[in-house]
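Enquirer: Those protein sequence lines, which keep their order, are chains A, B and C. Under our numbering, think of the first position of the first sequence as 1, with each following residue one higher. Under our numbering, think of the first position of the second sequence as 485, with each following residue one higher. Under our numbering, think of the first position of the third sequence as 838, with each following residue one higher.
Among the clues, some could well be false.
To be verified - Capping the alpha-carbon separation at 20 Å, the derived lysine to any residue pairs in SDA-like fashion look like this:
id : chain 1 : residue 1 : chain 2 : residue 2
1  : A       : Lys332    : B       : Glu793
2  : A       : Lys430    : B       : Glu543
3  : C       : Lys904    : A       : Asp275
4  : A       : Lys40     : A       : Arg320
5  : C       : Lys904    : C       : Ala877
6  : B       : Lys701    : B       : Glu793
7  : C       : Lys904    : A       : Glu410
8  : A       : Lys332    : B       : Arg556
9  : A       : Lys40     : A       : Glu410
10 : C       : Lys893    : C       : Gly847
Claimed, not checked - Selected chain C positions facing chain A (Cβ under 8 Å, derived; list incomplete):
id : residue
11 : Phe883
12 : Asn979
13 : Ala1103
14 : Gly1115
15 : Pro1120
16 : Ser1121
17 : Val1124
18 : Pro1126
19 : Val1131
20 : Pro1132
21 : Gly1134
22 : Pro1135
23 : Thr1144
24 : Thr1146
No lab work stands behind these hints, which were simulated from the structure alone. Glycine included, every Cβ here is placed at the ideal spot set by N, Cα and C.
The chain contents come next:
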Amino acid sequence: MPSFEYAPAPESRAVVDIRPSYGLFVDGDFSPAADGAALKTVNPATEEVLSEVAVAGEADVDRAVRAARSAYEGVWSRMSGTQRGKYLFRIARIIQERARELAVLETLDNGKPIKESRDVDVPLAAAHFFYHAGWADKLAWAGLPVPAGRAEPQPCGVAGQVIPWNFPLLMLAWKVAPALATGNTVVLKPAETTPLTALLFAQICQQAELPPGVVNILTGAGATGAALVAHPGIDKVAFTGSTDVGRQIARTVAGSRKKLTLELGGKAANIVFDDAPIDQAIEGIVNGIFFNQGHVCCAGSRLLVQESVADEVVSRLRHRMAQLRVGDPLDKNTDIGAINSQAQLSRIVELAEAGEREGAIRWSPPCTLPDNGFWFAPTVFTDVSPAHRIAREEIFGPVLSVLTFRTPQEAVTKANNTPYGLSAGIWTEKGSRILWMADRLRAGVVWANTFNRFDPTSPFGGYQESGYGREGGRHGLAAYVREA
Amino acid sequence: MVATTADPRPEGRTTGSPGAVGAADSGTVLDPARALLGTSTVDDVSLRRWLRALPGVDEVGAGARAAALSTRSIKNAAKAWALDLTVRMTDLTTLEGADTPGTVRSLCAKARRPDPDDPACPQVAAVCIYPDLVPVAVEALRGTGIRIASVATAFPSGRAGRAVKLADVADAVRAGADEVDMVIDRGAFLSGRFGQVFEEIAAVREACQVTEGRGDKGPAHLKVILETGELATYDNVRRASWLAMLAGANFIKTSTGKVSPAATLPVTLVMLEAVRDWFSLTGQVIGVKPAGGIRTAKDAIRYLVTVNETAGPDWLDPDRFRFGASSLLNDVLLQRRRMAVGAYAGRHHVTVS
Amino acid sequence: MAHDGADGQGPARLEVRKTHKLYVGGAFPRSESGRSYPVADAAGGFLANAAMASRKDARDAVVAARKAFDGWAAATAYNRGQVLYRVAEVMEGRRAQFADEVSRAEGLDAASAAAVVDAAIDRWVWYAGWTDKITQVAGAANPVAGPYFNLSLPEPTGVVAVLAPQASSLLGLVSAVAPVVAGGNTCVVVASETRPLPAVTLSEVLATSDVPGGVVNLLTGITGEIAPWLASHEDVDALDLAGAAPVPAIPGSGLDWAALEASAAATLTRVLRPAGSGPASDPSGAVEPDWTAVPDGPRRILAFMETKTVWHPKGR
Chain A
1 MPSFEYAPAP
11 ESRAVVDIRP
21 SYGLFVDGDF
31 SPAADGAALK
41 TVNPATEEVL
51 SEVAVAGEAD
61 VDRAVRAARS
71 AYEGVWSRMS
81 GTQRGKYLFR
91 IARIIQERAR
101 ELAVLETLDN
111 GKPIKESRDV
121 DVPLAAAHFF
131 YHAGWADKLA
141 WAGLPVPAGR
151 AEPQPCGVAG
161 QVIPWNFPLL
171 MLAWKVAPAL
181 ATGNTVVLKP
191 AETTPLTALL
201 FAQICQQAEL
211 PPGVVNILTG
221 AGATGAALVA
231 HPGIDKVAFT
241 GSTDVGRQIA
251 RTVAGSRKKL
261 TLELGGKAAN
271 IVFDDAPIDQ
281 AIEGIVNGIF
291 FNQGHVCCAG
301 SRLLVQESVA
311 DEVVSRLRHR
321 MAQLRVGDPL
331 DKNTDIGAIN
341 SQAQLSRIVE
351 LAEAGEREGA
361 IRWSPPCTLP
371 DNGFWFAPTV
381 FTDVSPAHRI
391 AREEIFGPVL
401 SVLTFRTPQE
411 AVTKANNTPY
421 GLSAGIWTEK
431 GSRILWMADR
441 LRAGVVWANT
451 FNRFDPTSPF
461 GGYQESGYGR
471 EGGRHGLAAY
481 VREA
Chain B
485 MVATTADPRP
495 EGRTTGSPGA
505 VGAADSGTVL
515 DPARALLGTS
525 TVDDVSLRRW
535 LRALPGVDEV
545 GAGARAAALS
555 TRSIKNAAKA
565 WALDLTVRMT
575 DLTTLEGADT
585 PGTVRSLCAK
595 ARRPDPDDPA
605 CPQVAAVCIY
615 PDLVPVAVEA
625 LRGTGIRIAS
635 VATAFPSGRA
645 GRAVKLADVA
655 DAVRAGADEV
665 DMVIDRGAFL
675 SGRFGQVFEE
685 IAAVREACQV
695 TEGRGDKGPA
705 HLKVILETGE
715 LATYDNVRRA
725 SWLAMLAGAN
735 FIKTSTGKVS
745 PAATLPVTLV
755 MLEAVRDWFS
765 LTGQVIGVKP
775 AGGIRTAKDA
785 IRYLVTVNET
795 AGPDWLDPDR
805 FRFGASSLLN
815 DVLLQRRRMA
825 VGAYAGRHHV
835 TVS
Chain C
838 MAHDGADGQG
848 PARLEVRKTH
858 KLYVGGAFPR
868 SESGRSYPVA
878 DAAGGFLANA
888 AMASRKDARD
898 AVVAARKAFD
908 GWAAATAYNR
918 GQVLYRVAEV
928 MEGRRAQFAD
938 EVSRAEGLDA
948 ASAAAVVDAA
958 IDRWVWYAGW
968 TDKITQVAGA
978 ANPVAGPYFN
988 LSLPEPTGVV
998 AVLAPQASSL
1008 LGLVSAVAPV
1018 VAGGNTCVVV
1028 ASETRPLPAV
1038 TLSEVLATSD
1048 VPGGVVNLLT
1058 GITGEIAPWL
1068 ASHEDVDALD
1078 LAGAAPVPAI
1088 PGSGLDWAAL
1098 EASAAATLTR
1108 VLRPAGSGPA
1118 SDPSGAVEPD
1128 WTAVPDGPRR
1138 ILAFMETKTV
1148 WHPKGR
């Protein structure tokens, strides 16, 4: 019998033009860091150096915050909502026009499959700008606090935004679109390992003729982000990333009047009952943990299966995992791409080894991983106890831990047994049980009979140590307007 | 052999009180069915209990999975292989009131040599026609190995008495059909008279076993058309698939082609899941045939990807997967030609059937 | 005052003084530490000894609040509204007592004190009415671009530690506590340090209303001593720093709220900063607001609620 091998179907790199080096985007133009510092960004699938980007120091942060302040006071806060909205519509359209370029660049810099950057990241980023564009001149009807004597909600001022490497452009859109729509100006720091789409976005701002200083992009590493968050000229801090860094930021802004929203880690339970729509549940489990290599804060990393169907679910899951295609992220048939960095890979490897040491049973389908780059095969652990590290710590990789339960109450108890509270999944055909469970799960997003769905109209954010504040929807606007 | 309880009431009147299966004089269907159902009686009640115990299908999730499979990109060698496979899986179909012996002979010629310019082009799996034209096809396809599929059981509506349906089947079988494409009684299915549907499929299967007057041909294979467009939900598609397999289908087929929607990718996905799960439960191989609405090579390849990733590569075989189509073949031939010539092919270079 | 009967009418009745206790889990314990502290009236005269809660009392109060949370959060909004309204009813019956205590604590004349009590009662009524509206006002049906039902609803954050306002011993207290419990949270409240007696009376009202034990736990004592333990407590989900604002009339009032907020950061405890516009480094940056105005919206309720978004496919 001949085999049905999918031939490589690589997306062309030719659509992107990566400059050998990039400066900081401040006040509408690119310029080098004051001290000339730079870092290299690599393609995690090949370890090839893609470009060199400036590293912003304190002086650069100060310059960017001043530029943002001046644009806020001089232009952006005086502009009508209608005008602001039109700039956002323009940006949304340019993102759509340059979608392929953005997708390829994202995949090169991040390592995620082109299928995902093309079908998820970039379209959703455009959708976020479209959604928020329409809000800009309708804020009076958003049900937000309105200061005495004003007709509509007022912006915070200058927003300092720090975003992670897992969805570089999409997280930028989640941050920048609502900030601009509500009348703030921004200084945004993309992640150290994934600066390139943010820099392309800077070019898009130029193309849209956005007034200089409204959006400033500072590349750099942790120190740049820390300096930005601590800068006294910032009125609003928005961060997406790890819970540890979130804690540091919360400490930094403590005692100030900076408004803070944090979207942090998670250890979501994906709960499968014996009456689940089994084939869709298997897809949901796979999507829940292997989407974006598991580099997803809301990943369904703990599978809670009802004992009566545990064997069947695990066997079907393994069968399905065997079909996942791991490899070249630019190949349109790739399901799982590269791990974003050596550091992240080391953490995944360490936690997976801890899982084995603690007695859980590890399984991966046979798959050949490329020689260069950072790779980790999709992995499932069974016989996991709630006390195991792999059941408690966020792995942020393609590693699933399977636990079992017997009753709905036990499922709720186990699902809530975590300091996190970002998301949860429920799979059952019984409607009343879904609603009963949804009421009791302490998580900001509950997906019932689906998983990992995102939409600009839908508020997203966590309970407990998964952070606070919401992004998206009417609720997301509240993060960018003054309390009163 | 007779089933445990005979239902004395006229067919179609079993509402309210479960009808047991009586007519299917086949231990080969009934005994395994009883074993699977864990019951001594195969009737509405036991079938309903069993079918309702099947996991549900979430429509949106199934649609999303089918859409995701559609984004697989197939290129070059694999594509050439997939195009030839598509030809080999095609049940080249004409089911028109205006069909004549002439149109059927022309169809058969096309089935034998789909691309007259390319001797390497494989022949199709079967032709699919009305029963009265089977003798024409038998004559035209003698010695080719191309199978003759005949629709039967008052195709496409299935609205006739059991005796008429069975006579229809017997006609086709006697005339030399290798495969019988029957329709289920959707009315009975939708009103929960699963026993009646089971019994009818089992009876048709029985009729397919008759080899008298067929020369050296063995029993006809049974394809059961669910007419998924009328079943309305994927839960029903799953249940009908299992019901048909339980009653002895060799193939489960989506549609008559006379009802819209006909075959869709998510429906086919659900049916492929059914045959996959049936195989793991019983070890029996059941085929799947989407029919109607598949018009382009691109569509066909999406189906093959879905077969490959759902039932598995073993199902990439004309014995296990067919396309019921009339216009699909020409588009596949155009694509084959484009790949061979390296230029986009013109429609005049493929034959009208 | 005990009179010796010098007026010739026989010995006057000896006043029965009240022991002011804590209110934890629906009971009235003394501080486990056995400590108390003298409470003076506005003029500096001795009023009573109040229990001086320790960190262990705070710990016990958090346990009680956590235990009460599931039940209170799961109560219907209608039911919570009725309970809050019942608090107003019971307070109404003790208006005179409250007015007297507020007058002594805050140095207000009788008419002003009565007005404050009335406002406090009305504040319960106002928040009682919010319980079954907040979800409609703050929830949303989200029109996502796909075949999904998508709903966002506010839910209580959990256990809230409230540093009650230092100046407004009753109205400020009610204005801080009512929105917390209206949203379905339970709380541990540290009463005004120097003006705790109205809070103690309020706890008696709560105990005789229909508020389940543990929903409100009231501690009296030194705010600056208890607050750090509550701020750093891992099982406290949110922190209201209203009582950290300095009050000019109360010497020594005002806490380092930056430190409390920083301490809360360890477990991402939600923090409602004291009112005012300046940072903690600016001593005048935090102020105790005027509580007499009706709140200009449900923001104090929403400060202690989380938004949960639920998705479900729409299919046949």
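Enquirer: Measuring from the C-beta of Asn979(C) to each C-beta in chain A, is the shortest one below 8 Å?
Expert: With Cβ-Cβ at 4 Å, under 8 Å, it holds.
Enquirer: Min Cβ distance, Thr1146(C) to chain A: is it shorter than 8 Å?
Expert: Interface hint status for Thr1146(C): holds (5 Å vs cutoff 8 Å).
Enquirer: Interface hint check: Val1124(C), Cβ to nearest Cβ on chain A, cutoff 8 Å. Holds or violated?
Expert: Interface hint status for Val1124(C): violated (13 Å vs cutoff 8 Å).
Enquirer: Would the stated hint for Phe883(C) survive a check requiring a Cβ distance to chain A of less than 8 Å?
Expert: violated, 36 Å
Enquirer: Hint check: Lys893(C) vs Gly847(C), CA-CA at most 20 Å. Holds or violated?
Expert: violated, 47 Å
Enquirer: Is the straight-line distance between the alpha-carbon of Lys430(A) and that of Glu543(B) 20 Å or less?
Expert: holds, 15 Å
Enquirer: A closest beta-carbon separation below 8 Å is what the hint needs, so does Val1131(C) meet it against chain A?
Expert: It is violated, given that the least Cβ distance between Val1131(C) and chain A is near 14 Å, above 8 Å.
Enquirer: Holds or violated: Lys904(C) and Asp275(A), Cα atoms, limit 20 Å.
Expert: Not OK: Lys904(C) and Asp275(A) at ~33 Å, beyond 20 Å, violated.
Enquirer: Restraint: Pro1126(C) near chain A, CB-CB cut 8 Å. Satisfied or not?
Expert: violated, 11 Å
Enquirer: Checking one constraint from the list: CA of Lys332(A) to CA of Glu793(B), max 20 Å. Satisfied?
Expert: Distance of about 16 Å is within 20 Å: holds.
Enquirer: Under the criterion of a CB-CB separation shorter than 8 Å, is Pro1135(C) in contact with chain A as hinted?
Expert: violated, 10 Å
Enquirer: Sort out whether Arg556(B) lies within 20 Å of Lys332(A), counting only the CA atoms.
Expert: Satisfied, since the Cα-Cα distance of roughly 7 Å is no more than 20 Å.
Of the hints listed earlier, those the structure fails to meet are numbers 3, 4, 5, 6, 9, 10, 11, 15, 16, 17, 18, 19, 20 and 22, in rising order.
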